[in-house]
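**Q** Protein sequences, first through last, are from chains X and D. Be aware that the first sequence starts at 1, since it is given in the numbering used here, and climbs by one per residue. Be aware that the second sequence starts at 1001, since it is given in the numbering used here, and climbs by one per residue.
Each hint should be verified, as a subset may be incorrect.
[As the list claims (entries may be wrong)] Here are the simulated lysine to aspartate or glutamate pairs, EDC-like style, with alpha carbons at most 16 Å apart: (1) X:K34 with D:D1082; (2) X:K44 with D:E1027; (3) D:K1045 with D:D1118; (4) X:K115 with X:D132; (5) X:K44 with D:D1023; (6) X:K131 with X:E260; (7) X:K34 with X:E310; (8) X:K115 with D:E1314; (9) X:K34 with D:D1084.
Treat the hints as calculated values from the structure; they're not laboratory data.
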Amino acid sequence: MSTDIPTLTPEQLDTFGEEMDAIRRRILDDLGEKDADYIRSVVKAQRGFETVGRALFYLPPAWPLAVASLSVSKILDNMEIGHNVMHGQYDWMGDPGLNSRMYEWDNVCPSEQWKNSHNYIHHTFTNILGKDRDIGYGILRMDEDQPWHPYYLGNPVYALLLMTFFEWGVALHDLEVENIVAGKRKIEENKALHAGIMRKVKRQALKDYVLFPALTGPLFVPTLVGNATANLVRNIWAFNIIFCGHFPTGVATFSQEECEDESRGHWYYRQLLGSANITGGSLFHLLTGNLSHQIEHHLFPDLPARRYPEIAVEVREICERYGLPYNTGPLGKQLFSVASKICRMALPDRKKKDAPEATSTDDAVTTDRETVAA
Amino acid sequence: MSLATTVLRSKTLAALTSPHGVDRYLELVNPMWAAHEVRARIVEKTVEVDVEGHPRVATLTLQPTSTWRGHRAGQHVQVGVDIDGEGGGRRTTRVFTISSLDSRPGDRFTLTMRANPDAPEGRGVSRYLVEEAQPGTVVHLSQAQGDFVLPDSVPEHIVLISGGSGITPVMSMLRSLQNRTHRGRVTFIHYAQSPEHQIYAGELRDVARTGYGVDLHLLHPELGDPNLSPAWLERLVPGYRDVPTWACGPAPLIEGVRDAYGDSENLHVEYFKPPRTTGGDAGGEVTFARSGRTAPNTGASLLEQAEALGLTPEYGCRMGICFSCVSRKTDGVTRDVVSGDTSTLPDEEIRICVNAPEGDCTVDL
Chain X
1 MSTDIPTLTP EQLDTFGEEM DAIRRRILDD LGEKDADYIR SVVKAQRGFE TVGRALFYLP
61 PAWPLAVASL SVSKILDNME IGHNVMHGQY DWMGDPGLNS RMYEWDNVCP SEQWKNSHNY
121 IHHTFTNILG KDRDIGYGIL RMDEDQPWHP YYLGNPVYAL LLMTFFEWGV ALHDLEVENI
181 VAGKRKIEEN KALHAGIMRK VKRQALKDYV LFPALTGPLF VPTLVGNATA NLVRNIWAFN
241 IIFCGHFPTG VATFSQEECE DESRGHWYYR QLLGSANITG GSLFHLLTGN LSHQIEHHLF
301 PDLPARRYPE IAVEVREICE RYGLPYNTGP LGKQLFSVAS KICRMALPDR KKKDAPEATS
361 TDDAVTTDRE TVAA
Chain D
1001 MSLATTVLRS KTLAALTSPH GVDRYLELVN PMWAAHEVRA RIVEKTVEVD VEGHPRVATL
1061 TLQPTSTWRG HRAGQHVQVG VDIDGEGGGR RTTRVFTISS LDSRPGDRFT LTMRANPDAP
1121 EGRGVSRYLV EEAQPGTVVH LSQAQGDFVL PDSVPEHIVL ISGGSGITPV MSMLRSLQNR
1181 THRGRVTFIH YAQSPEHQIY AGELRDVART GYGVDLHLLH PELGDPNLSP AWLERLVPGY
1241 RDVPTWACGP APLIEGVRDA YGDSENLHVE YFKPPRTTGG DAGGEVTFAR SGRTAPNTGA
1301 SLLEQAEALG LTPEYGCRMG ICFSCVSRKT DGVTRDVVSG DTSTLPDEEI RICVNAPEGD
1361 CTVDL
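Isolated chain D, as found in the complex:
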């Protein structure tokens, strides 16, 4: 740790800057100075896929603050951006997988993302980053998270399966293995819509030609390539259930992989949940994640439904003014019963006393 970092994180400086903390002052001088928080500057943007009529895919290279603790291949990071324009002034946060090889503290890393066409106006993080953000833009980060990672000692033979933009974590793994000069075998299976939709096409071609021990399969089922099936996997990798496998992609692909591997302990998966829309009525199930309680949605406010299940969330006015009951909705559609507005945003802070779920909903309570 450098002297500057030691000073910035010292108890004395924390006491002097109490109650706001060192970072609340540093950020006003230079957003890239931080003692605890993590931010990054976009230093480069490369378009990976640009097919007419389809959302673009781009790779961003980020220079994080010195507070970045590094990441292991396969991990993801929360990215918060302040999007300008109508309804601006709001920071919206989404999770993206890191696509570059393992990084050390303070190292640059890359994110690869598809511009999500369904995101609400002014809140589309991926769309903003791919289409609008320019090099120089500062974004807010978390530390790297997630346990979809390779073990420290990588087995002799591994299988990596991905679909669409689910390629990012396994690409990070493949790059790390190449960099570590892994001497074993890697079977790399990827599903894309068409060759034009292939992310990292050039790099994968090089890997196929010169990469040591990499068995590459780029498949396009819509153009007649075989779909994933146990029989097909068995032919490609005999006894595949005993081979450590990492799979990431859209829900249907992951379901298919799960079915193929049964209860094998060698399978590690990561989902990208597709956004879900529901009609304007109650129905569905409400889940209170922390207490593990689930019940049919009655249409009442989340606070009332939580209390009906015997939970005792914090609350105050019960009319939306005091903010005592703010909780995190991790998933689902909720309607503000005062304003009548609905929100589909995941990981949103809501006042549970004036928000009722529409359809399935999960709250961190």
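Just chain X, same shape as in the assembly:
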């Protein structure tokens, strides 16, 4: 593990896991109309913002309002609705319009691929180096245990680019370009994925960059620019919220050996230590899709996100009893923490510089890491 965090005995991990299971059990038993009404009202609001946004492009002076409205629509669609519905949080409702297998979001990444790379890879192997491809998205260096390379001098630039083109980064994530470069993956393996991405990209581009602009006739260009801006606003917002979820200082990463045959308790423990929250008001939580409760989301990815604030109170109390850190802070603090990490990781590790030369073999690196961890 990368930082000094209290370890729990296997027995403690078991009771910790049982306490988490009990919370999950209680919420599952309580799911009902309130949750259904909530998500339906969010969907209604999102469709409203979308319709109003699209319509306001006909009034040139209202252009900033149109962009704002469409941005809110896309943010709600991707975060509080899309991300959460695709996690299966509302599958129990039996509504095909809110079912994880059928939902498609307003984003160039096909939902089918997202569910594999996010729900399965990222949520199962959270913060396990070498397995969780969301650590730096294969582009950035976000952890001391990722070996430094001169390429990473560009870390801040790559981060800015990833932020600007976030939906595209997410869409291309599954192609595992870094593994192709490294020779671990064959380019042919991407063929089927390519087709899926292209189909979705075409639909998204046709709507935002051809049809809706064309419908506004002489206002084609302002509408096109407005739609692109709304997509950009969503990209920046989503990137920042997501990066605050796993990369602020103090968030732990794990080695594959640590997680071999892990117990359910250890899985919860890893989810807790591998995530960070952002404090804020209820409107802020809504706009983050409740990913401001990243810790609770990682502990209970399939519980409706509106329940995270109430769960958070209990999780904090449990953490205090077990002496485990609960990483949270205001958006500004978490963002600053992430930004400094992105810059720090661009440079080679100081400790490594001081270490003796004998770090060239894999064995030596492992030993070195264990020393650091201990």
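Guided by the hints, dock chain D onto chain X, whose structure is given.
**A** Chain D alone, transformed into the frame defined by chain X:
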């Protein structure tokens, strides 16, 4: 197709409303507007049978959206309802047979159902529709389904056999024949518990009196009427095995009809499976319907049992969090190994990595 429908189903509108689709917007304005999905408003409810101490039977008249493509007598439809109250917010879907005569696109039709007393609290679709739903309630529908239907050209003589609420599809057939002024003979045999339990009693009396060529037999074996037997059938319809027959009802009746007709190609049947309960242990057989594999239930998760049979269902985390493995359980009792809950619901989406069957179970894999 009307202009509105043409526009609503156009590729342009689909592209503009991508990725959600036209219906996701229309439903927010008016639930009865749809481009592809089918919904219906309950416009009338009539109680057919109300015997004290027995579940009620009612007929609902539904006004479907313009997307309803119509039905052929004998077909059924899936009905999804959002039941309020404790554990609400869940849409539960059940299949009901259409009891009115053939319908054309957008036509009203009726469903007749008995309130199932055994359905779990908050999930009883028939109980909700019969006891609680008021005219004005909107329900979700599929298109009409099923091949338990009359041929386009109806034979000179046919036999319709039904038991209990199994009367609905054959009643739809009888009504359609009357409406089409079928000139042949119809032998209509129906088994009910008692005259008080007779669904459509008034209408059947009228048919018996004025209906052309309808030979009606309403039987109550519990009150001494003869049970169905080959000898009895032979007396009623000589050479009945050569007469096209449609039969619908509870399993024992259908077994009896099957035995009587042997391997005759003229028999068409439809079952209503009685709900089954099992003890809390493994046992029974697990069937993977799509691949046609069946094996004794080992008690392991459905995913493991499927893999043991050489199947390769999609899966991800194998611990119930990622939903990659969600599959449809069509029948049987399953236990969620994480929560310990059991579920007897048919046609339920389950995570096969954390669900183990208890007794017989069929999964669409």
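**Q** Hint by hint, note whether the structure agrees.
**A** Results of checking the hints against the structure:
no.	hint	verdict
1	X:K34 with D:D1082	holds (13 Å)
2	X:K44 with D:E1027	holds (10 Å)
3	D:K1045 with D:D1118	violated (22 Å)
4	X:K115 with X:D132	holds (14 Å)
5	X:K44 with D:D1023	holds (13 Å)
6	X:K131 with X:E260	holds (12 Å)
7	X:K34 with X:E310	holds (14 Å)
8	X:K115 with D:E1314	holds (12 Å)
9	X:K34 with D:D1084	holds (11 Å)
Violated hints amount to a single one, hint 3; each of the other numbered hints is respected by the structure.
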